[in-house]
Each structure stands twice: as C-alpha cells, then as structure tokens.
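Peer 1: Single-letter residue listing:
There are 2 protein chains.
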Amino acid sequence: MTEKKVYNVAIVGATGAVGQKIMKILEEKEFPINKLKLLSSINSAGKELVFNGKTIIVEEAKPESFEGIDIALFSAGGSVSKQLAPEAVKRGAVVVDNTSAYRMAENVPLVVPEVNNEDIQKHNGIIANPNCSTIQMVAGLKPIKDAYGLSRIIVSTYQAVSGAGVNAVNELENQSQQFLNNEELEANILPVKGDKKHYPIAFNALPQIDVFQDNGYTFEEMKMINETKKIMHDPELSVIATCVRLPFFTSHAESVYIEVDKEGVTVEDVWKELRNAEGIILEDDPSTQSYPTPLSAANKEEVFVGRVRKDLDNDKGFHLWIVSDNLLKGAAWNTVQIAQSLIKNNWLQG
Amino acid sequence: MTEKKVYNVAIVGATGAVGQKIMKILEEKEFPINKLKLLSSINSAGKELVFNGKTIIVEEAKPESFEGIDIALFSAGGSVSKQLAPEAVKRGAVVVDNTSAYRMAENVPLVVPEVNNEDIQKHNGIIANPNCSTIQMVAGLKPIKDAYGLSRIIVSTYQAVSGAGVNAVNELENQSQQFLNNEELEANILPVKGDKKHYPIAFNALPQIDVFQDNGYTFEEMKMINETKKIMHDPELSVIATCVRLPFFTSHAESVYIEVDKEGVTVEDVWKELRNAEGIILEDDPSTQSYPTPLSAANKEEVFVGRVRKDLDNDKGFHLWIVSDNLLKGAAWNTVQIAQSLIKNNWLQG
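As given, the protein sequences belong to chains U and F, one line each in that order.
Residue numbers for the first sequence follow the working numbering, so the first one is 28 and each next one is one higher.
Residue numbers for the second sequence follow the working numbering, so the first one is 28 and each next one is one higher.
Here chain U stands alone, though its shape is the one from the complex (with noise of 0.2 angstroms):
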C-alpha cells in the first residue's frame, strides 16, 4: 500500500472571479489536499463558500494564516501579494502569484508551464504566473519557436471585459442594457478603473488596458513585451503589442504577427506544430469557417489557434489568430498547473 500525499492549500482572493474558478479546478482536477484554507479581505471574511461538498468559513488574510501552508496561491491583487506573500514563503508555503507583483522580479521564476515548465524549480518560495494576454501568446507560439525560431512578434489584441474584473462584467452588462433602451450609458469602470476618465465599453472598443507609461505604451502593452521575453528566455526578441478593450465577457482573442529563424516553412509545417502541442488546439479550416472565437473557447482549459496565414510579402512571416479562456488558462488554470506541476517534480523545496 502507498500513501499519496497530501497538501495544505491556501487561496489568498477566493471570493474574486479568479479565486472562484481556482477552486473549482481544484475540485475537478482532483489535487491533492490535506487542508484547504480560504482567504480574503475582511470584507469578504465570514462568507461560506462549498469545496468538495464541505462548506468552508472564508477568514481574513493574515501573516498567521500560512502557518502550516504547503501551498498558497494568491490572487487578490499586486498590494496584497506584495504585502502576504513573504508572510507566506517565511512560513515556509510555495507561493504561486497571480498577481503582477513579482513577474519581473530577477529571482522569482515567470511560467507557462507548457512553455517553461523547469524554471518553476529555480523559485526561492514565489512563482509568478504571466498576464493573462501573455499566457496564450506564449503558449500558443512556444511550438513554433522551437520547431522554427523566432525574432519577432506583432500583436493586436481582443481582451474581454472580465480581465478588468467583476465591476467591469457588471458595467458591459448595465450599458449594453441601457443602449438598447436607448438610455445614456453609464461609464464608471472602463477602461481603468482607477484613472482618470471613463469611456462606455458597450458596443464599443477601448485601445487602453491598464495605465499609460511614459513611452505612450501601456502597462498591459508593456506586461505582454516583457514577460514574453523573460518566459522564452529571449531579451533579443522583438515584441510589441497594442492592446484593446471589446464588449464581451470572457477570452481574450489576438492577431499576432510572427517572423521565424528558419527559411521555406509552410502554414502545413505550422499546423503540424500546432496540432502535436500540448494544450493547444488547432481550429483551422477556411473551407468549414473553422476558427475560434471568444464566445467558443470560453470555459474551456486549452489555447486555440486559427488563421494561421503565410504572410504574403515576407517568406519567414505568419499570421495567426489566438484565442484562450482569460480566466482560465488567462489566469486560473495557469496557477494550478503551476502548482500541479510543484508537486509532481517535487520542487516544491525549489
């Protein structure tokens, strides 16, 4: 007889969209748990929230709360995990991060693990899980690095409302509603819901996501071009992104433009990539309009790729269109492949 292990799990957020569809991951994929622990703010402490048939009182995150954690997966904003999740690794809990807090911390390990699973091993007690947008662009466009190379990557992106998170999910809701009735659309949320303007989202398209920098990109321009690199282990590879609100609810949709190394490949050498990757799914087939869609992807774990297009002037240019479920390869499903894959190589010492 062999005793499988099990693990005290802690989720820091699990009141937010995020946290919720963590637990139920957690749930269908069967992980190993000993103990799970259900953190929010105070305001949300006390709710009962149902995880495999047992109710669990939430309790406000505290330093004290990961005693005794073996794994916390946070994803209640960067202030929070800036603040608990030392707290936790102190403790002596794994911490996987979904918030933008530490991606581009030097010591801290940034992964897709269909794309860079083995830097997960190097981690120092926190694991940064990608920007959602980044998450299937990388995942999407790893098999083609590796089979052809890869020195440049123009992205335009199609991001859902529920990236902006639950107010935002509201707000699309109560304009669409209101134009409709031909009523004035209220605008609170969109595009940033800390700056300074607000602009309706319904029936309508917002080219900023997340705050200006200085150079005129966003921050979410600015997340997908350097984390892209940091997860390919690339500082030399051309990215930029121009990043785009739209009036719907879940998955985020993106053209990308690629130029790979190698001369002569063929949109058949791409799908053949593609159809044997893991976690992807080719949908691409003009003669049935087979492609996805925002709308066909949602709820679903894999990143789905169509239009895979030569371009028609440039011999090592392709065009291609990615789609994925933002809060779930986007985000959720990340992190518990993170923290499956913690357990499974048994890294979790780092």
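Calculated from the structure, these hints are not laboratory results.
All clues given are correct.
Identical chains share a label here; the pair holds if one copy fits it or two copies do between them.
In silico DSS-like cross-links for lysine-lysine, where the CA-CA straight-line distance does not exceed 25 angstroms:
hint, residue 1, residue 2
1, Lys51, Lys74
2, Lys343, Lys289
3, Lys343, Lys256
4, Lys256, Lys109
5, Lys56, Lys371
6, Lys327, Lys224
7, Lys337, Lys256
Since chain U is already given, all that's left is putting chain F on it; use the hints.
Peer 2: Chain F in isolation, oriented as in the chain U frame:
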C-alpha cells in the same frame, strides 16, 4: 450675375443604409442638384423619400433610368453595378460606384480624394469607391507616406456590423437582447450572409469578413491588400491584413503597424504630419487618455488617429490606431467627395 451649374443626380440603392447617408450628405453639403432621381430594386420602388423638403418617389432602376443623368451614385451591390453602371455610362452619366465590382479594373480609378484625387480625371465613365476599411487606412497613412515614405503595413481590424448591412445590425441588436435575457442566440447572417455557417456576433469576435479565398485570406483582407497598393500607386508596398468583425454598430477601428523609409522619424514628426492633413483629426494624448473609439467617431466625416507609438525595436516602425465611421468616410461621404471633385475640377468628361 453668374449662373450656378446644377446637375441631374441618380442614387442607385437609395433606400439602403449607404444610399440614405448619401441623400443626407447631398442635402447637408448643398450639392448642386437640378434633379435627384432615387432608384432601387423593384421591391423598394414606390417608396416615398423626402429630399430638401420635397417628396421623391423611388423608381425601379433600369437602363432607361439613366437618360439625362449627369452623375449616378451606385450603392446597391456588385451585381447591380455590373449590370447597370455600363448602361448609365452609355447614356452619358459618370458613375461613382460604391461596390467592389470595378475597384480592381485597370481602366477604373479607385479614389480616396485626400490620397489620389488626381486619378479621378483618368476615368472612362466609372470611378470606384474603395472598401470602407481601406479608405480610412490609406487616408490616415497618406500624410506619413508623403513625408517619410512607406514600405510596409500590417493591419488588424476591429470592424462594425453595419458594414455587413442592415440585417447584420438587426442581428447584433437581437442577439444582444437574447444574451441579456439568457436566451439562445439566433445566428443567420454573420459572418457572411451567403456563407455556409453562421456564428453569434453578440459579445463575440468573428475573424472572418467576407468569404475565404484559396490562399487562406478572406476577400475583405485581400481587398485591403490590393486596393491599398492601387490607391497608393505602389505595387511594391507590403500590405497584410487580418479582418475581424466585432459587436459594435458603427465605425471601424484599425491597429496598424507601418514601416517608413526615413530613419530617425519621431512620434512628434508623425503627429505634425497628421495634424496638418486634410480630413484627419489627431486624437492622441496619453496624459488625458485621449484616443478615438468607434463610438466617438460615429456620425463624423473625418478619419481619427491616435495611439501613435514608435516601435521599440525598429527605428522605422510605428504603431497607430485609426478609427472612422464606416458608412460615412468609409462609404457615403467618400462617394460624395468624388462627385464634388468631378464637378469642382471639371472632370465629368474624364
């Protein structure tokens, strides 16, 4: 005392979305009309429309309809233009055609007045109005091309449903309400009315506009590619497009990457050229979150440009966000501009 020249004008497809916009613009711009003839299919014939306070009865478009007409503005679909535009020309009319029927014909000028106005005079009776997504892009890029040269364009579009006609507009409206009511979405029109499959557009994104070509690109994408080269008189210009239909009603937006010929061009240089350009409004200030959106550009004549950024890796690369009302500058207004130019420059005789 001088006598003002006035013209007999026909609108073919007068009851359609673009036909209606053309009527409105002819009124607003006080186009010098002697007699306005409104033509349509037999189904809409008999309808009464008001122009400059006078009621006009819509007539069925027939070859004889064009007797005595000086300028015929066609916006009733490619097959109607193919059948009736030559009949109009035979009877002495100059045709401005808003369909794809003649755009790539060698002896037909394809014109955006801000870009290649002088091509109009080479007409042989027909002048073609470009595709909506092409018009706003070439208008936005022309000032940059003139100042710094242009070798490459990679565009990802964000296109409104009104480009697919009034049935698509109704479909988005109906599906949006169905979605908010938690009902099943009925999809019968988009992405392409006559194609094999239909997908919901409400709260979704469809990476297909018009039918697929043998090379894996859609016809809309090939229109942008081929028309841009023709309008800009540059067959060597590299142009590649990814065209996406989105759930908003009016205005197309475009994420455009360009490479200029000149080295060392700055964002301020590009701003200066755009500020001085006719028909362009620069709306670009990150410090005040200023950029155009489909909602802000709707019902306006101009092409709006924002989010101008220098590429972070390529000195000659720039990224822009170009937005314009697809039914106005993208169709009706550009058509009327061509008619105005025909008159103003005395080019009716070609």
